[in-house]
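Trainee: Please take these sequences and the hints and turn them into a complete structure.
Protein chains in written order, with my numbering: chain A, 8 to 283; chain B, 10 to 434; chain C, 4 to 331.
Treat the hints with care, since some could be wrong.
As the list claims (entries may be wrong) - Derived BS3-like pairs (lysine-lysine); straight-line CA-CA distance at most 27 Å:
#1 K176(B) - K190(B)
#2 K325(C) - K108(A)
#3 K74(B) - K168(B)
#4 K175(C) - K257(B)
Think of the hints as simulated: they come from the structure by calculation, not from any bench.
Listed here are the chains, written in short residue letters.
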Amino acid sequence: MKRSLFGRLWPNVTAVVLFIGFVFPVYWMFSTAFKPTGDIISEDPVWFPTDITFEHFKRATGVDHFWTYVSNSLIVTLCAVGLALLVALAGSFALARMRFKGRRGFVIGFMLAQMAPWEVMIIAMYMIVRDASMLNSLVPLTVFYMMMILPFTILTLRGFVAAVPRELEEAAMVDGCSRAQAFRKVILPLLAPGLMSTSLFGFITAWNEFPLVLVLNKEAEAQTLPLWLSSFQTAFGNDWGATMAASSLFAIPILILFVFLQRRAVSGLTAGAVKG
Amino acid sequence: MKRKLISAIGVAGMMISLAACGGDNGDGGDKAGADGYAGQTLTVWVMDGSSPDQWQKDVQAAFEKKTKAKVKFEIQQWNGIQQKLTTALSEENPPDVFEIGNTQTPAYAKTGGLADLADLKTEIGADWAASLNESSIYDGKQYAAPWYFANRVVLYNKKVWAEAGIKDTPKTRDEFYADLKQIGEKTDAEPIYLPGQNWYHFVGLTIGEGAELVKKDGDKYVSNLDDPKIAAAMETYKKFQALSKAPKDKDEATPQQGEVFGKGNVGAFIGMGWEAGIAIKANPKIEKEIGYFTIPGATADKPEGVFLGGSNLAVAAGSQKQELAKEFLKIALSDQYEGELAKLNGVIPNKESLQTNLKGNAVAEAAAPAAAGGGTTPLIPEWAAVENAPNPIKTYMTAVLNGKSPAEAAKQVEDEFNKRLAQQQ
Amino acid sequence: MTVQTERPPSGPVDVTKRDESGPAGPRRRAASRAGTLTPYLLLLPACAATVLLLGWPLLKDVLLSFQNLNMAQLIQHVTEWNGIDNYKEVLTGEDFWRVTLRSILFTAVNVVLIMVLGALVGLLLARLGRRMRVMLLVGLVLAWAMPVVAATTVYQWLFAQRFGVVNWVLDKLGWHSMADYSWTSSQMSTFFVVTVLIVWMSIPFVAINLYAATTTIPSELYEAASLDGAGAWKSFTTVTMPFLRPFLYATTFLEIIWVFKAFVQVFTINGGGPDRLTEILPVYAYIEGVGNQHYGMGAAIAVLTILILLGLTAYYLRIVLKQEEDEL
Numbered sequence: 008m009k010r011s012l013f014g015r016l017w018p019n020v021t022a023v024v025l026f027i028g029f030v031f032p033v034y035w036m037f038s039t040a041f042k043p044t045g046d047i048i049s050e051d052p053v054w055f056p057t058d059i060t061f062e063h064f065k066r067a068t069g070v071d072h073f074w075t076y077v078s079n080s081l082i083v084t085l086c087a088v089g090l091a092l093l094v095a096l097a098g099s100f101a102l103a104r105m106r107f108k109g110r111r112g113f114v115i116g117f118m119l120a121q122m123a124p125w126e127v128m129i130i131a132m133y134m135i136v137r138d139a140s141m142l143n144s145l146v147p148l149t150v151f152y153m154m155m156i157l158p159f160t161i162l163t164l165r166g167f168v169a170a171v172p173r174e175l176e177e178a179a180m181v182d183g184c185s186r187a188q189a190f191r192k193v194i195l196p197l198l199a200p201g202l203m204s205t206s207l208f209g210f211i212t213a214w215n216e217f218p219l220v221l222v223l224n225k226e227a228e229a230q231t232l233p234l235w236l237s238s239f240q241t242a243f244g245n246d247w248g249a250t251m252a253a254s255s256l257f258a259i260p261i262l263i264l265f266v267f268l269q270r271r272a273v274s275g276l277t278a279g280a281v282k283g
Numbered sequence: 010m011k012r013k014l015i016s017a018i019g020v021a022g023m024m025i026s027l028a029a030c031g032g033d034n035g036d037g038g039d040k041a042g043a044d045g046y047a048g049q050t051l052t053v054w055v056m057d058g059s060s061p062d063q064w065q066k067d068v069q070a071a072f073e074k075k076t077k078a079k080v081k082f083e084i085q086q087w088n089g090i091q092q093k094l095t096t097a098l099s100e101e102n103p104p105d106v107f108e109i110g111n112t113q114t115p116a117y118a119k120t121g122g123l124a125d126l127a128d129l130k131t132e133i134g135a136d137w138a139a140s141l142n143e144s145s146i147y148d149g150k151q152y153a154a155p156w157y158f159a160n161r162v163v164l165y166n167k168k169v170w171a172e173a174g175i176k177d178t179p180k181t182r183d184e185f186y187a188d189l190k191q192i193g194e195k196t197d198a199e200p201i202y203l204p205g206q207n208w209y210h211f212v213g214l215t216i217g218e219g220a221e222l223v224k225k226d227g228d229k230y231v232s233n234l235d236d237p238k239i240a241a242a243m244e245t246y247k248k249f250q251a252l253s254k255a256p257k258d259k260d261e262a263t264p265q266q267g268e269v270f271g272k273g274n275v276g277a278f279i280g281m282g283w284e285a286g287i288a289i290k291a292n293p294k295i296e297k298e299i300g301y302f303t304i305p306g307a308t309a310d311k312p313e314g315v316f317l318g319g320s321n322l323a324v325a326a327g328s329q330k331q332e333l334a335k336e337f338l339k340i341a342l343s344d345q346y347e348g349e350l351a352k353l354n355g356v357i358p359n360k361e362s363l364q365t366n367l368k369g370n371a372v373a374e375a376a377a378p379a380a381a382g383g384g385t386t387p388l389i390p391e392w393a394a395v396e397n398a399p400n401p402i403k404t405y406m407t408a409v410l411n412g413k414s415p416a417e418a419a420k421q422v423e424d425e426f427n428k429r430l431a432q433q434q
Numbered sequence: 004m005t006v007q008t009e010r011p012p013s014g015p016v017d018v019t020k021r022d023e024s025g026p027a028g029p030r031r032r033a034a035s036r037a038g039t040l041t042p043y044l045l046l047l048p049a050c051a052a053t054v055l056l057l058g059w060p061l062l063k064d065v066l067l068s069f070q071n072l073n074m075a076q077l078i079q080h081v082t083e084w085n086g087i088d089n090y091k092e093v094l095t096g097e098d099f100w101r102v103t104l105r106s107i108l109f110t111a112v113n114v115v116l117i118m119v120l121g122a123l124v125g126l127l128l129a130r131l132g133r134r135m136r137v138m139l140l141v142g143l144v145l146a147w148a149m150p151v152v153a154a155t156t157v158y159q160w161l162f163a164q165r166f167g168v169v170n171w172v173l174d175k176l177g178w179h180s181m182a183d184y185s186w187t188s189s190q191m192s193t194f195f196v197v198t199v200l201i202v203w204m205s206i207p208f209v210a211i212n213l214y215a216a217t218t219t220i221p222s223e224l225y226e227a228a229s230l231d232g233a234g235a236w237k238s239f240t241t242v243t244m245p246f247l248r249p250f251l252y253a254t255t256f257l258e259i260i261w262v263f264k265a266f267v268q269v270f271t272i273n274g275g276g277p278d279r280l281t282e283i284l285p286v287y288a289y290i291e292g293v294g295n296q297h298y299g300m301g302a303a304i305a306v307l308t309i310l311i312l313l314g315l316t317a318y319y320l321r322i323v324l325k326q327e328e329d330e331l
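Mentor: Here it is, written out as C-alpha cells:
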C-alpha cells in the first residue's frame, strides 16, 4: 500500500508540533532559571540562554530551613508511599484473587474513597489533628498522604495482580509452595513494574500536597517543599528567575523518577497483559 | 464493637511503623520555673518588614538581660495572615505576642483570642496618643498596645524629574498631575507606577474627601460606596492611574512596586517609606535618586488624606506565659526601643514625645504633615471580613478603571460588601 | 502510573477458577475455613485506614456543617449548633448554584478536551515510526511529570502580562493588542489559561495509556476483520473501540474526578478571580470557609460538593457495580 507524501508526512509533522508544545513549558522553566535577570526581563525573549548563571539557584536554596524542607518532604513522601504500597498490596491481592462476600462493596468503597475532595475537608482535618495535639509534626501528614493515595494504589495494583497468570501461582503451589510462598516468590517479582508505576502516582501526590501542610504545620521545622515554592512569589515579588529556579529544583526529583520508572511501568503493563 | 477494636489495632500498627519515619517536632514544655523565667522562650510574631534586624537584636538582648528568658522572633507574611492567626490562636501553643494590623484588631478582640491588657495600659500607656490607641480598645477594654504607625508618601526618582525639567516638588494635586504629564511628554519614563488596586491609597483619598466606606442601616453596617464623595475619590484615583502602565487588576505588591521603581524608568509611586528599601535591593544604584514628598491635596494648605496604617502588639489569651509576655511588651514599647524603631524605620511612634526621633528622616518628614489628617478603615469587628480576598473594594476599583461608572461599580459590589459586613460572628 | 481498568486489557480475567479447586486433601476443610477469613484480614489494614483517616474527617466535616463556626468559636473551642442554617443559606443563595453550574461546565469542557485530544495523540503514537514515537513519548512524559505546583508557577510566568512569552508571540504574530494583555483580567481568559494548563498536564496520561492498551490488541482480531472485508474505519469501530471501551470508561472517570477537584490550578493562577468569577466548587468552599473564616458554611459547601461529585460519577459507578456482579 502506497501512501502519498502528505500521508506519510503529517503524522511526523504533528508529532513535532506536539513535542514542542509539551516540552516548551518545561524547557522555559529550566532556561529561565539559568538566565541572568537582564535576559529574563527583556523586551524580546532570549530563547537560548548564552551566559549561564547559578545566581537564581543560590537565592532559591539560600532560604532559611531549605534543607529541612527537603528532608521533610522526602521523609513524608517516602513513608506515605511505602505504607500505602504495603497496605494496598494485601488488599489488592484479596480483591483480585479471592472470592468472598462483600467484595463488590469493598471495590465500590475504594472507588468512593478515591473521589474524596481533600481540599474542602481541610478544616475538619485541622481540628482533628489540633485536638489530638499533633500539630507541627510529620506523622499526621504522613498518614493523611498515605490515605490520599491508598485507594488509587489498591485499585491499580488489583489490575496488576489480576494480570499475573494464575497458572504460575498454581504451578508453584503444586511444587510445594504455600500460598504465601507462592505469592512472595512468584507473584511479587512479576508485580515489580506495577508496584513502581503505582508508587509513582503516590509520590507525585504526596510531593505536591500543600493546602494541608499549610494549616497543620506553622513551624518551619515541620514544613515541606511545596510551601517553600508557593511562598516564593510573595517573598520574591516578580523575581521570575528565582521562582523558576525553585520550580526546577522542585520538579527535578519527580522528572528523574518519572523518566526512570515510566518506561518500565508501561512496558510492564503491556508485557503482563500480552502474556496473560 | 469489633470494628472499633479492629481499627484500633490498625492505628497502633500504623503508629509503630511511623515511629521509624521519625520527624516529630514536639514543642518542648514551657512550664514556669520557680526561679523566675530562666529557660523559657517567648515566641513573638512580627510581620515581614515591620521591624529591622537591629531592633530585634537590641530588644532580644534587653529582654534576656531583664528576664533571663529568651525571645524568638518569627517573621510572618501579610498574605493569608488572618487565617493563620485564627487557627494559631485556637491552638495549645499560640504565639505569645504578635503584631496585628490596627484595622484587624477589633475583630480579634471580639473573638476572645486577645488577652486584656488593662494593667499594662495603666503601667506604661498613660501617654499613648489617643487617636493611635483607638483601634486597640473594644467594648471599653484594652486588647492590644499601639506599636507603630505609618502613612503613604510619594517616592520619586530625582533623575527622571530633573530630566523632565521639573525643579520643585508639587504642592497641589493639580501641580502633581501636571508634573507627571510633563514627565510623560519629555522623558521615556513611565510617569507614575500606580496599579489598579492600591486600595490603601484609595482609602486615603476617601478620607481626604471626608467620605465613609460604610454607613449604619438600623443596627447593621452596609456599603456606602455609592456616596458621591467616594465617587469623587475614585475619579481622582482614575485620573492618576491613567498615567500608569501598571495592571488595573493587581495591587501594589504583585509585582512589588518598589522593584518596578528600582529599574529606574518610573517617575514616582505612592507607597510606604520602607518600600525604598525594596527598590534599593533590586538596584543599589537607585539609592541616591530617591526623594520623598507628601501626597499633595486639592489645595496647598491641606495635604491629601491618607490611610493611617499601623500595627498593635497583642498577647494571646491562650498563651501560658502572660506575665512574661507583658514583660516583653514593657521592653519593646519602652521609650528607648519605641524610639529606636521610629528612628530606624521612620514610622510614627505611639507617643507624641517620641516624635523627635524622626528629625532628619526624609521619609518621616514627608509623611508627618499628612498624618494629622489621616484616618483608618472603619474600626468595627465586621470590617475584618471585608479585607479577605477577594476584597470588594479592590473589585470596585478595577471595575471603575475598566470603564464602569462609579455608581455602576458600587452597585456591582454592594451585595458582596454587605454580605461580608453582615457575616455572623 | 497506569490506569487500572475494570477488565485488564487482556480481557476478562478468569475469575471463576477459585482456590477451592486448588490442592485437595485432608487439610482442605481447615484451610477453607481459614480461607474465608483471609481476604478480610488482608483488607483489614486498608479498611481501618480508610475509616480512620477518611471516614473520621468526613464525619467531622458533616458535623461542622451543622454548626455556626467562625473565628470566635474556633478560637474558643465553642460548639454552637445551628441546625440546617448553613445549608439553608447556601442553597437559597444564587452563588452556590452559579458556581455548581460553572464547575460542571468547566469539568465537562476539560474532560472532553482531554479525552478527545488524548485519544488522538495516543492513536498518533501507534502510527508513528519508532524514532518519532520515542521523541513524542519523551515530550509527553516530561509534561506529565511536572509537579502541579511547579507547573502552575511556570504557566503564570508564560502568561505573565509583562515579559510573558505568550504575549510576546501573539504580538509578533500580528495580534498587537495582546502585547500587554493581562490574562487574569477576565473570566474567560483566566479559564483559558487554567484549561490549557490542565489539558497540557492531563493529555499524557490518557495518550500513553491508550497507546499502551492498543499495543495489546491481538493482531488476529484485525486479520479476522479484514477477512470480513472491513476497511480501516470499520475495523477501528469494530475492533479497536470495543477493546478500548473499558479503558476509556475508567480514564474518563478518573479525569472527571481530577478536573473537578482541580483546586491548586484554579486557586494559584488567579485565586478564583476576577470578581470570584472563576471559582469552582472546591475553591468556593475554600474561600467561603477558610478565606472568609466561615468554617461551618465552608463545611456545608464541602458536603454538597461531595454529593455533586457522586452524582457526576454515578453512571460509571453503576457500570462497575454491574460488572463486579457479573464476575462473581
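Trainee: All the hints need checking, so say for each whether the structure fits it.
Mentor: Now for the hints, and whether the structure bears them out:
A distance of roughly 15 Å separates the Cα atoms of K176(B) and K190(B); the hinted pair therefore holds under the 27 Å criterion. The suggested pairing of K325(C) with K108(A) holds, with an alpha-carbon distance near 16 Å, which does not exceed 27 Å. As the CA atoms of K74(B) and K168(B) are separated by approximately 48 Å, the hinted pair breaks the 27 Å bound. Using a Cα cut-off of 27 Å, the hinted pair K175(C) and K257(B) holds, with the two alpha carbons roughly 24 Å apart.
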